[in-house]
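Peer 1: Chains as they are written, first to last, in my numbering: chain A, 8 to 595; chain B, 18 to 269.
Don't read these hints as lab results, they were simulated from the structure.
A quick note: this is a predicted structure, and the numbers were derived from the prediction, not measured.
There is no bait here: all hints are sound.
Here are some chain B residues the structure puts well away from chain A; computed CB gaps all over 12 Å:
id, residue
1, R144
2, E175
3, I190
4, Y200
5, D206
6, R241
7, L248
8, F251
9, R256
10, R268
The calculated lysine-lysine pairs, modelled on DSS-like cross-linking and capped at a C-alpha distance of 27 Å, are:
id, chain 1, residue 1, chain 2, residue 2
11, A, K364, A, K332
12, A, K285, B, K56
13, A, K195, B, K230
Yeah, the Cβ is synthetic: ideal placement off N, Cα and C, and Gly gets one too.
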Amino acid sequence: MRKTFQTIATILLFILLPGVASGDISVSLKLDRSEATLVDSVRLTVGVYGTRNSAAKPILNALDDFTVTPSTTSSRLQIVNGQVDSGVDYTYFLQPKKTGTFQIGPAEVTIEGKTYRSNREILTVVESTQSADSDPGPLFLDASISSAKSYVEEQVVYTLKLYRRARVSDISLNLPGAEYLSFKQLGKPVEYQSVHNGRTYQVLEVRYGLIVSKEGDYSIEPSRMNLKLFLPKSHSPRSPLEERFFKDPFFSITTGRPMTVASQPLKLKVIPLPTEGKPSDFSGLVGSFQIESRLEPATVKAGESATLTVFLKGRGNVNRMPDLKVPELDRIKLYADQPTLTIEPDARGLAGTKTMKWALVPEEEGLYEIPQLQVSFFEPKHRQYKEIETLPHSLTVVPGEDKAIQLSLVGPANGGSTGVVKQEIKEIARDILPIHTSVRDLEAAHSALPGRFTSFLIVLTPLFLYAAAFLGIRLRRKSVATSAATKAKRASKAFLKQYRSGGLSWSELAELIRHYLNDRFGLSLGSVTAEEAAVILASNGVSSDATERFRTIFQQLEDAVFTGKGQEPCGTEEELSELIRQIEKEAR
Amino acid sequence: MRRLICLILVALCFPLAVGMAAEHEHWEEVYFQANQAYKEGRFQEAIDGYRQLIQSGHGSGHIYYNVGNGYIRLNQLGKAILNYERARLLLPRDADLDFNLRYARDHIRDKVPEVRNTMSIIFFWLRSLTLGDLFWAFAVLNALFWGILCLRIFYRSEWTYYLILTILTVWLITGLSLGLKWYRLALDDRAVIVPEEVNVLAGPDVNDTVLFKLHEGTLVHCERSEDGWVLVRFQDGKRGWVQADGIENIRI
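Here chain A stands alone, though its shape is the one from the complex (with noise of 0.2 Å):
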């Protein structure tokens, strides 16, 4: 009933209180630890006293050289002899990026306009040195490889272990990266105990064939895992109450803490395969690799077809295991299956199988010898070059029953195309088509684009050209039309000019009023009449009076001509003269 009583009371309080509950506003910075390595997380809680706003966030300071990840907020009220101290903690985990002494905030928070400030804390960070018997914590990753020395293509194990006494989750991992180094995962990790200096860990084990592709001393770098850490939580309740909520299992889980643990550098060094002894079909294969075959059946007919299977395997760079060819034989089809290839990592690195296999028909019957299939390899263990080949095998072939088949086999040449039977292309195996070794290859790359002005140029050209043609077309035009115009503003004063000069017969006189009207008003006829002189002198606007007293001056010139007069001098009459000005001022 107490009890009862008691836990009421306590939801009672935190109902009611955070109402009242306000006091001076502080803030407060700490650090769980002040010195630290590269690899440690510190966890950083900024308190804020006096309110139980969670809105005001703290803004912290000079952490450039942290990985700053925020983790939890968490409201507080405590009454300690009837004193109400209330606030709020935010807690950070800050992960060091480099060495060195930091000076860590303060910390800043506004609240109701007005900034309050933290004290400052000082963290040294300190490279991660670990001796052997030291006291590694409660988490740390060791690698290790399985030789400190192989050959180019040789598969070394390359071993990850993650010590742990304590909850982890969120593991990645990041394997170092160096040209020259090619990682295959080798299995599933596996999960087990350990014992490290006296103390037991949970391991987690991952290994990986690494196989390094030119010859030099490497370092590999460390391995990194970013994980989440879960540590039991240290609690020290600070009032009967607190400690009778804190017993509580729901309040001791713990939150995440981010870290990162590193492995130690390791050093390979990587030699080049021996050339003594290198034979001249190498195939690339490093390891160790057999090789084994058979035939089936040994005994066929002529026709039918018997199995040729070889089998490669071995442990190393699998991946380099050859497709082998069986050369052609006289009197023997021979129809390639797809090769298969299969990869078994183990602990112990890539192994794998490589199945080949041929079907032979036989067109005759007779004893034919299968020759033998050879590969080539670099064994590391015994530092010398290998051959291995297949077990020689002889096909018994005894006459057909059928002899359709047979002959269809043989092909057309023989048998036509009469009752083949048409088969869908199977694709037997897979791999790539060849480099291109063409010297055409290099000079290539020079003829893709031209360069931007020579572009600009060959595409701005016939734009230009056709611009300059069409110009050229409307100036000639234009020329054309002003010299035009230039004669027209000078027909008057040529026909006055020589009217007045006098002399002229009335033939010359017809003939110089024609010139007139042709070059006043850019014509060209070769004669006019008295009529056809009017029609023009009207149509350009020249008045009904002038035109019909030039059509009757005109008329009795033409008919001086035609009666005879017209070498006899005509003389100058001042009218005409007239006649013309009163012309050029009315005609357009």
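Please build the complex by placing chain B on the supplied structure of chain A, with the hints as guidance.
Peer 2: Structure of chain B alone, referenced to chain A:
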């Protein structure tokens, strides 16, 4: 005097021509050695030789193709696909390249959905043409178009009218294709995952949540980069941050 000037010019040009020929021979030698190394199974040496050629400005599509072959032999699918894709920018109609790229893609671990946008469907021919092909086609049509316009200044007839309409249509389509191709190449944001496996995170920080994992050879689109991290988009719309050294851009 004229003969003397000619002699001086020849004397000046001769060493230059000899020097150029010697340099060309040097690169040919590098090329032959790389080819030989490939044939003898020294694939890393072959790749190093081809890379030298690329760095010296001899990076034709064929050289990128050969580099891709070298990486396939070294079982490095990511780098192989990266170089095949680069080769495809320069050799879009090479049958060998198509075959080998398909082979490499068949071996990647991530299932990549086939996504083709509307523009790719309309301008389907862009995949098979290089920028150079389109430029030269446009240059020829451009010359034809303006040439026939010139002809029409002097000689106007019905057939030139219809010819000019036809050429104008093809000229516009080619010009549009050229512009689109240039735009695509200039803003090519495709990249290839190079390591065997990379974590794609929710933010540019190692402590962020791992959203999913991508494997070598998978094609992604880069959206932006930030402090050694790149925001990538996978074909099906998934997005996340990867470390910049985990991907390599296809753009040459």
